[in-house]
Each structure stands twice: as C-alpha cells, then as structure tokens.
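Q: With the hints as extra help, turn the sequences into a complete structure.
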Amino acid sequence: MTRTTALCVSNVSLSYGAKRALDDVSFALDRGRFCALLGPNGAGKSTLFSLLTRLLVTREGRIEVAGFDLARNPRAALARIGVVFQQPTLDLDTSVMRNMRYFAALHGMAGRDATARIDAALERLNMRERADEKVRALNGGHRRRMEIARALIHAPEVLLLDEPTVGLDTAARRSITAHVHDLAAEGLTVLWATHLVDEIEPSDDVVVLNRGRVLKQASAAEIAGEGDLIDAFIEMTGGNDEAAA
Amino acid sequence: MNAWTIALYAIVLREAMRFLQNRGRFLSALVRPLVWLVIFAAGFRAALGLSITPPYQTYITYEVYIVPGLCAMIQLFNGMQSSLSLVYDQEMGSMRLLLTSPRPRWWLLFCKLMAGVAVSLLQVYAFLGIAALMGIRMPAMGYVYVLPALVLSGLMLGALGLLISSTIRQLENFAGVMNFVIFPMFFLSTALYPLWKMAEASRLLRDICAVNPFTHAVELIRFALYAQFNGWALLWVGTGAVAFFLLALLGYDPARGLMRRKG
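From first to last, the protein sequence lines are chains A and B.
Under the working numbering, the first residue of the first sequence carries the number 889, and numbering increases by one thereafter.
Under the working numbering, the first residue of the second sequence carries the number 3, and numbering increases by one thereafter.
Take these hints with a grain of salt, some might be off.
Chain B side only, calculated, beta carbon under 8 Å to chain A, not exhaustive [as the list claims (entries may be wrong)]:
#1 Ala-5
#2 Ala-9
#3 Ala-12
#4 Arg-98
#5 Leu-99
#6 Pro-196
For the record, the hints were derived by calculation from the structure and aren't laboratory data.
Glycine is no exception: its CB is placed at the ideal position from the N, C-alpha and C atoms.
A: And the structure:
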C-alpha cells in the first residue's frame, strides 16, 4: 500500500457454505478518487461492503483503510470510514439533528465539537435548514443526503456508499451523484457501489465485479474505449443485469 | 466524558427516549403487572396460604408476595422487548450503524444492554410507586437496596434477550420466544408461588424452578426489597448475566455469528 492509497483490498475471498461469494478480490483506491464498484445484482458488492465495514470478517485476504489493517486494527480503520448503506439506517421519528448527534456520539463526539461538525456536514450537503425536521417528513432524496452528511461528521478518509440511489427518482439520483463527485473533487476517497452506469463519469475509476470476481479496474473512459461504458459492461458481464441503464 | 462513555450515554438516551415517546409501550409495561397484582392476586389470595419464609418476618398477603416476581416479570418482558427491537433494528439496518462504529463490539452491545436496563428501571419504579399507592409498601430502604439488584437482574434478562436476538433471523420467528422462553421462565419460578409450595405439587417441577435463573432474579429482588442480601441468588444472577452476555457476543461475532448467516 503506497502513501497515496486510501483503500487497499488484497486477495479477499469469502464463502457462504459451498457458495463462493467473493473470489480473490483485489483492487486499490488512490486518495481523492471517485471509484465506482460496478457490478450486476448478485455480483458480491454488498458482501464486499460488509467486509469493508467489518460486519463480516474473512481469513482470506487483507483490507487496509488509510494504512490501517482492518483485521489487526479495526477501530482505527473504522474511524476512517464513512458508510452509507443500501438500506436506510435512520430513526424516522426523531429529528435530523438528533440522528446526527447519535451518530456523532457513536464516534465519541459530543457537545460543541459535535455540533460544529454536524453543522458543517449538513451545510456541505445543503441540508442545514432541515436540521430540526423529523426524518419521516423528508423525501427520499433528502434522507439520502442526510445519511451522506452523517457519514461525513467524523471526517473520514474513505466514503463507502452501497447503491445509495436505490429507490430515488431521476432528479434526486442525479443530485446525489453530483454531490458525491464534488466530495471526491474536494479530496475524499469514494467507493460507490452501483449497477447503473449513468452514475459514472468518464474520469472516474471503475472496478468491475461479476460473480464475486474483479474483471477489471481502470478509468471509465478506458473501459468504455471507443464505445459506451454500458456496452463494455454488458459485454464483460455477459448481460448479467437488467438494470444497467 | 471519554469516547466510550459518550457512546454509552447516547445509546441509553436513545432507548429511553424511544420508550418514553411510545406511550403504548409504557402503558402496557405497567398494566401487565398491575393486572396480575389486582386481579390474579385477589383471586389467589384465598387459595394460597403462605407461611413465614425469609425475607418475611410475619405472615404476608399474596399481593405482597408477588410484587418482587412482578418486578422481575417487568424486566423479563422488557428484556424480550429489547430483543425484539434488536431484531427489528437488524432488519431495518440501524444495527449496522451501531456495529460499524469504531468502538469494540462488546462495548456497543453492553451499551445496548445498559440501555434496556435503564428502561426497565423506569418501569419497575413506576410499578412499585403504583403498588405503594395501593397500600403494598416495602421498607423505605428497600426501595434503595433494590436498585443494584434490579440492575443485575436487568442485565441478566437483557443479556438473555440479546442472546435470543442473535439467533433469530426474522421478526416473524419471535412469537416462539413467548411460548418457549417467557412463559416457562415466569411460571417455573418463585414469582407466583414459593418453592416449598411447588414441591407439594411436584418434586421435579420444584427442581426445575430451583435451577431457573429467573427464580434467583426474583429472590434477589425480593430480599433486596426488604433490605436483605441473598448471596446465593446474587451468584446465580451474576453468573447468568455473564454467561448469557458471552454467548450473545459469540452470536454477534462477525466471524461466526448472526451477520454472517444474514449475509
């Protein structure tokens, strides 16, 4: 792992019984890059996210976050990760601010420090004015933005997003994708799991995952070549996805 | 406060707020034992004669006898309710948020446990207050001495709930917990009848009651309410709390437990 590498996954494998969910997965993300983990449904993206967030562990392979081995130094590694799960993880009946404070406390922050960080994170996602609203009153796009803001409170070095636009309308999807690209432009390292190629910009890095294996890591433009990214993706995965659009 | 206690405070506060905001849950937590106290105890008062056994120093009415058992029952139901909400959290994803924070997993689960205990204390003291208004009063110091006993019994029953939540995959499976955990634990204990009374009916049932950890939680609370110490019950409840918690930790171990099975 070099000094410019923010996330390094080396030879990671995981099986559920006889089923090989991930098979010798390796890739690395440089600091300040937006990397799309592109794969069809069932490719192993969520399983990989569970390993990256230590909800699951495996003895096969190694994961390093900002130079910290997730297996040997999980607390240091997790402190440097911000996560947005595919499934919303919000208390619907409390305010945005209370949700944010709860998360800040889980990361050991309270009082003025937490308030300042929460304000800054909400401001970054244009959500500051909604701080006192109940989460239940927010639309899907705003809830997602709030989750992204929440994942930034502790100033992580790597932001992991597992299909964060699932269930959102086109406008909200576009807005959130643009926001996260902006975060990467500001220096945050982003791993964005998706099966939707229109969320990827030509300059983004792409890791193509299919049936638990990494097929390719390169820039989106490189993978697309002379044609479209979607065609290259379908060709690589054998058309193993109905949702790529 | 350091990072660990900040997390503890936040988790306890969150659970307490959720409980207090849910008036239905608060009400049912109080109504359940009061129904037992007012209706069940009135019916059984005539049928069950109770001799003088420690910690009592005089003959007591049946209502007085079952108060400690009902305190423990509140904690038993609360432990299972916490377990239910943990399964719900797992299904809804908020458990992931907790488990991916940079604190040791055992500490996060212990915080969850303490949050459940705090909620159960609110319920038990509210119940004891209503019982006192109905004329069922304990020695004044008993209300103080019972606090550590309630904390320990709450930890044991909460840890049992945590263990159960680590083995259940879906909310639908939770109905079985009522039939196979709550009812047997409650009825095969000294909550409603003393051991010697049970022995008159069946030696086997008496022996089962004697090894039921819930029995010892009830006795720990009963003695503490009369400002007395029951070392044997303390040992049982303490051992039970540690054992259940360690088993729950295994269940939540990312290498072998629940999250792996859930994928």
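Q: All hints are to be evaluated individually against the structure, with a verdict given for each.
A: Results of checking the hints against the structure:
no., hint, in the structure
1, Ala-5, "holds, 3 Å"
2, Ala-9, "holds, 5 Å"
3, Ala-12, "holds, 3 Å"
4, Arg-98, "holds, 6 Å"
5, Leu-99, "holds, 4 Å"
6, Pro-196, "violated, 44 Å"
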